[in-house]
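4 protein chains.
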Amino acid sequence: MARNGFDRTTVSQIAKAAGVADGTIYLYFQNKDDLLQKTIDDITDSFIQEGLAILERTASPIDRIRKFAELHLANLGADENLACIFQIELRHNMRLMREFSQKKLRKYFSYLESYIRQAQEEGYIRKSLTPWLTAKILFGALDEAATNWVLSNRDYKLEDMAAPTLDVLLNGMVDRTYAAS
Amino acid sequence: MARNGFDRTTVSQIAKAAGVADGTIYLYFQNKDDLLQKTIDDITDSFIQEGLAILERTASPIDRIRKFAELHLANLGADENLACIFQIELRHNMRLMREFSQKKLRKYFSYLESYIRQAQEEGYIRKSLTPWLTAKILFGALDEAATNWVLSNRDYKLEDMAAPTLDVLLNGMVDRTYAAS
Amino acid sequence: MARNGFDRTTVSQIAKAAGVADGTIYLYFQNKDDLLQKTIDDITDSFIQEGLAILERTASPIDRIRKFAELHLANLGADENLACIFQIELRHNMRLMREFSQKKLRKYFSYLESYIRQAQEEGYIRKSLTPWLTAKILFGALDEAATNWVLSNRDYKLEDMAAPTLDVLLNGMVDRTYAAS
Amino acid sequence: MARNGFDRTTVSQIAKAAGVADGTIYLYFQNKDDLLQKTIDDITDSFIQEGLAILERTASPIDRIRKFAELHLANLGADENLACIFQIELRHNMRLMREFSQKKLRKYFSYLESYIRQAQEEGYIRKSLTPWLTAKILFGALDEAATNWVLSNRDYKLEDMAAPTLDVLLNGMVDRTYAAS
DNA sequence: AATGAATGAGTATTCATTCAT
DNA sequence: GATGAATGAATACTCATTCAT
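Protein chains in written order, with the numbering used here: chain Y, 5 to 185; chain R, 5 to 185; chain H, 5 to 185; chain C, 5 to 185.
For the record, the hints were derived by calculation from the structure and aren't laboratory data.
Fair warning: there could be bad hints in the mix.
Copies of the same chain look alike in the list, so a pair counts if it fits in one copy or across any two.
[What the hints assert, rightly or not] Listed below are the simulated DSS-like cross-link pairs for lysine-lysine, each with C-alpha atoms no more than 30 Å apart in a straight line: (1) LYS111 to LYS161; (2) LYS161 to LYS131; (3) LYS108 to LYS42; (4) LYS131 to LYS71; (5) LYS42 to LYS20; (6) LYS108 to LYS36; (7) LYS71 to LYS20; (8) LYS36 to LYS20.
I would like the entire structure built from these sequences, with the hints used as guidance.
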């Protein structure tokens with residue numbers, strides 16, 4: 005389905021893939037859009053749940069941020085169809101995207117934001133940065149990495165992009181050696 | 005059109021908005037998809053052209069990067085419909101996105117990449133960073149800012165996001181005062 | 005439908021005439037052309053089947069030829085809409101006509117040809133005649149009679165044309181009395 | 005044009021083939037149908053005119069009938085596109101066909117009918133035959149030959165079908181040797 | 001609960017025709 | 001007379017959704 009896009013996939017195809025009749029879909033979902041939304045919501049929930057379990061065992065705030073990035077890319081990189089839905093389909097349906105942004109994504113997001121805040125409090129991260137904005141920027145960089153991967157021929161592991169991305173974001177682009185001199 | 009999405013906009017609506025008959029559309033575009041593609045291409049071309057004129061007058065590589073980010077956000081922020089097309093519609097049509105990525109976007113992108121490389125050569129930016137990857141990250145951060153703006157109620161100026169975004173990316177998130185101690 | 009021609013009849017009209025919704029048509033036929041083709045094929049099949057049952061009970065080869073002609077004209081003459089489809093619509097769609105000629109019509113035709121051959125073997129018909137060509141000529145004469153009827157105001161029975169047509173074809177136009185003298 | 009059928013040929017294509025602009029067509033023809041009708045009429049007129057010149061020089065009524073058949077098939081066989089229009093296109097448009105049948109074709113036809121009548125008067129052809137009906141039958145046989153040729157791969161000369169067709173029609177199918185015994 | 005046949009609203013595209021130049 | 005850009009009516013086909021079984 006992800007291959008052709010949600011719009012270009014018929015309810016019949018989804019039903020057949022699920023091994024049920026067309027009408028059965030409507031016993032569990034209000035309509036086609038609801039099917040996409042609930043599916044995305046479910047997956048996101050399990051991502052968050054599984055992610056939290058791991059992140060809670062990570063002590064250092066900086067490591068949590070690193071781990072968050074790795075998990076995010078690993079989850080998406082594990083299933084290209086899924087990645088396609090999240091990176092491409094989700095943002096097409098603006099209504100869906102808005103709702104998702106305001107519910108699940110916000111929750112997902114708030115964890116990243118809190119890690120940044122904690123890292124600030126513990127002195128690892130500059131206090132001049134707005135946690136929310138910084139989280140957005142980090143998220144955007146990861147998002148771009150994921151979208152690039154989906155649009156590419158996927159001959160590399162998506163999660164391998166986590167480390168270099170965090171290097172730039174944590175340490176910045178500026179050359180301090182030069183700047184110091 | 006941007007409000008409802010390209011798919012949900014009929015050719016008749018577009019024709020009426022353009023003040024021509026339905027059939028006239030097909031004198032200038034092969035089909036509905038071609039209409040979207042050519043429109044996006046044209047706009048991107050003019051963005052690049054206008055952008056280059058300004059960037060060429062900017063001496064410092066770091067300033068060029070700053071200016072690039074500002075121009076990118078200013079262009080998109082100037083017309084919310086346009087921003088919607090670029091941030092939402094474009095990436096829905098995967099074929100279109102791929103083509104766009106491989107033609108116009110690559111060109112647009114290569115400028116940013118070259119500015120980073122120049123900044124590296126002149127010592128402003130760490131030589132350990134891959135210009136291509138760094139450009140991707142910067143672009144991703146800007147992209148996220150733009151998408152957020154489109155999905156928001158747009159009660160702030162998009163280009164105002166350029167400065168704080170560049171602060172994080174250029175200087176990094178890490179607190180050096182603390183790190184130094 | 006036959007009145008206005010197949011092309012000038014919309015699928016909606018056909019659906020309404022059949023008492024079903026437009027989309028229902030496409031559950032049973034691939035497209036509009038397929039509808040015409042399958043309809044023609046079905047009718048031809050039943051013509052052949054019913055015809056054979058009668059012809060098998062006819063002993064004399066000459067009588068079989070007569071009966072064949074009568075049945076052909078009687079079938080077409082029984083339903084002017086049907087006749088219209090066969091005489092007019094069928095031969096418009098060249099692809100359809102070719103396919104029909106090479107499948108159903110060939111079968112239909114081969115029976116007539118075999119009757120002529122049998123009649124030759126039993127001495128009723130001149131051995132110098134090519135069965136295939138003679139069948140074509142007979143068929144052409146019947147075809148013209150049918151087409152004429154369709155284009156006329158149909159104030160006579162089409163099958164009444166069978167006898168005089170066969171008189172000319174079997175006995176020839178030449179006046180033997182005169183020729184003999 | 006004959007290849008794809010008249011309906012599937014656009015006025016633009018016809019205009020281009022004629023080396024004029026689309027609109028120019030409408031200076032000489034009322035509409036697309038009128039174009040087909042006038043073209044067919046013109047060609048038929050020249051056929052009749054040229055045919056008459058030849059037939060008038062043919063003394064024997066039987067030979068005239070033979071010549072008529074030869075000319076008919078030779079004319080159609082000379083240009084497969086033309087044959088296609090006459091055998092396929094013409095009878096699709098029922099209105100056109102009716103008009104043609106009642107004007108040009110009737111005239112064309114009346115000549116054949118008159119030759120048969122003359123042949124009857126001079127004793128060559130059985131007086132029991134209706135000239136009109138006999139002409140129809142002869143015409144039908146020729147028509148079938150032409151249609152077959154159009155639908156075939158045309159690897160034989162159409163006019164070669166004239167002689168065997170006339171043999172059947174003039175002398176009949178019945179074996180007189182046998183019948184006499 | 002499950003089915004899947006039937007529905008019918010919705011739309012991109014074509015092309016004969018017009019008419020200002 | 002000639003042009004050809006612009007027109008807009010007309011239609012096959014799809015597919016989300018329903019509901020009788």
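Indices of hints not satisfied (ascending): Going through the list in order, the structure violates hint 7 alone and respects the others.
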